[in-house]
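Colleague: Please model the complete structure; the sequences and the hints are all you need to start from.
Here is what each chain is made of, one letter per residue.
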Amino acid sequence: MNGAMNRRGEHDRPWGARLIVLVPYLWLATFFLLPFLIVVKISLSHTAIAQPPYTPVFEPAAGWESLKKFFSALSFENYAFLGSDWLYLASYLKSLEVAAGSTLLLLLIGFPLAYGMARAPRRWQPVVFVLVVLPFWTSFLIRIYAWINILQRDGLLNQLLLALRIVDTPPAWLSTDTAVYIGIVYSYLPFMVLPIYATLERMDETLIEAAADLGCPNWKAFWLVTLPLSRPGVIAGALLCFIPIVGEFVIPDLLGSSQTMMIGQTLWTEFFGNKDWPVASAVAVVLLCLLVVPIVIYQQMETRDLAGGR
Amino acid sequence: MRRASWFNVGSVALGLAFLYLPIVILVIYSFNASRLVTVWGGWSTRWYVELLADRAMLESAWVTLRIALLSATAATVLGTLAAIALVRLGRFRGRLLFSGMVYAPLVMPEVITGLALLLLFVAVDIDRGFWTISIAHTTLITCFVTVVVQSRLLTFDTSLEEAAMNLGCPPLKTFLTVTLPLIAPALASGWMLAFTLSLDDLVVASFTTGPGATTLPIRIYSEVRLGVKPEINAICSILIAIVATGIAGASLLAKFHDVGRGGIGGLAAR
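Keeping their order, the protein sequence lines are chains A and B. Here the first sequence stands for residues 58 to 367, where the numbers follow this note's numbering. Here the second sequence stands for residues 26 to 295, where the numbers follow this note's numbering.
Derived from the structure by calculation, the hints contain no laboratory data. All the given hints hold, so there is nothing to weed out.
Residues from chain A that face chain B, not an exhaustive set, calculated with beta carbons under 8 Å: (1) Phe89; (2) Phe197; (3) Ile199.
Idealized CB from N, CA, C, for every residue including glycine.
Modeller: This is the structure we're talking about:
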């Protein structure tokens with residue numbers, strides 16, 4: 058870390074410095090960390106339909122005995138229930154499959170776009186950059202809604218296909234996995250493009266020139282120089298897309314079929330439809346366990362970036 | 026010397042077409058005179074007129090706007106403090122947990138955050154509605170402000186601050202008169218990003234809402250589930266127009282490039 062800053066932080070403004078950390082610290086501990094502990098606790102409670110408080114009740118005031126009683130009363134019945142019902146496993150698998158598939162698609166579409174942006178003439182780069190970022194600022198929901206306009210049975214896509222005589226009968230696009238993939242790729246594209254663009258833009262172009270001077274063909278220089286150097290951006294982009302897509306709710310709900318639900322939808326129905334809060338909490342805890350590895354990798358990258366000071 | 030190769034121009038053009046075509050189609054169809062959303066019946070503004078008479082929709086818009094203003098402002102304060110703590114304070118006790126809590130909401134699936142916050146609100150038994158959504162949104166969007174401000178602080182020339190301190194300026198005054206004006210553009214774009222994210226959020230708001238606080242996304246979502254309607258095309262087009270104007274306005278205040286960078290670009294620039 059930077060020693061000069063550190064020193065100043067310590068002896069010049071101890072109180073100010075402490076306050077700077079404390080305010081966001083307390084906020085996040087109260088509204089981010091604590092809620093997760095509650096989720097874990099409720100996931101270990103006995104199933105009761107929409108009837109808080111759930112047993113066992115945690116009473117720290119009642120002393121050690123009650124604490125022991127509290128822990129012995131916790132049960133794993135909700136987790137056993139998740140394991141016993143094929144529906145939940147299918148949901149988790151479906152989510153992982155969709156997330157992996159669409160992350161791959163995003164890479165295939167996002168990399169050429171990022172590459173084209175980074176290799177655009179300097180003058181044009183800011184314009185292209187803003188054009189790619191701008192759709193991100195418009196509402197997520199609106200962008201998904203825009204696709205319903207296009208994909209519905211008598212929508213523009215089918216009108217076009219019929220007019221061009223590519224198909225005779227209009228195929229159903231909505232309520233299919235294809236629609237879900239389209240929606241996800243469309244919504245998450247900036248998250249994939251921008252980290253890759255950032256690494257490609259920073260790349261030292263003389264390396265490519267050196268490769269060319271030494272007789273390396275273009276494609277080989279791309280494979281041996283550009284691609285390895287863009288790896289941090291590719292990994293960051295992939296994680297930034299993969300993790301939230303696993304828990305995605307809106308896109309599969311509006312564009313997908315109701316046959317195999319993604320886990321975000323399952324959690325939502327468990328909570329709002331069946332009103333079974335303990336099971337919904339267990340679903341969330343398991344989902345979090347699935348995502349903990351990629352999240353930690355992502356945080357490591359962020360922290361390392363910070364320590365390196367770019 | 027850079028030449029724009031056909032492959033590069035082509036991939037950028039295709040990418041942009043993919044990003045913009047659906048939005049353009051949506052806006053065009055909002056001016057469709059026909060009630061059937063798939064049949065073109067000529068240009069008309071009737072859906073916009075009908076929208077103005079829809080009191081429930083206007084009510085939702087007003088609630089959404091108030092929540093977004095409040096939570097974006099709170100998130101900017103919290104996020105800036107967090108960014109300063111992470112960049113400037115070096116090691117402090119609990120730093121690992123702190124940075125974990127700061128970055129996790131960036132990628133945490135919204136269904137989990139929403140559920141967790143709701144269970145907290147139920148546990149402490151407070152009335153759900155305007156305030157709970159605002160608290161939830163503040164928590165959700167603080168990390169984005171942190172990332173934006175942080176990337177500004179990392180590229181920041183600290184010699185100006187040191188000069189002020191060497192000349193006897195007290196730390197708080199240095200912060201207010203030197204540091205704050207220098208990072209102000211990042212604060213502005215962080216605030217704008219936070220504001221749009223709050224306007225946009227459906228999942229967390231659905232979990233933490235209560236009677237009387239139906240935000241615009243919640244209303245749009247419940248209508249959209251029933252199918253495409255011309256009124257929805259109109260309200261969506263209005264929202265797109267507001268966002269586009271906001272970005273254009275901000276670009277007049279700051280350099281366009283910086284605004285884009287400050288937004289999601291902050292994520293990329295890391």
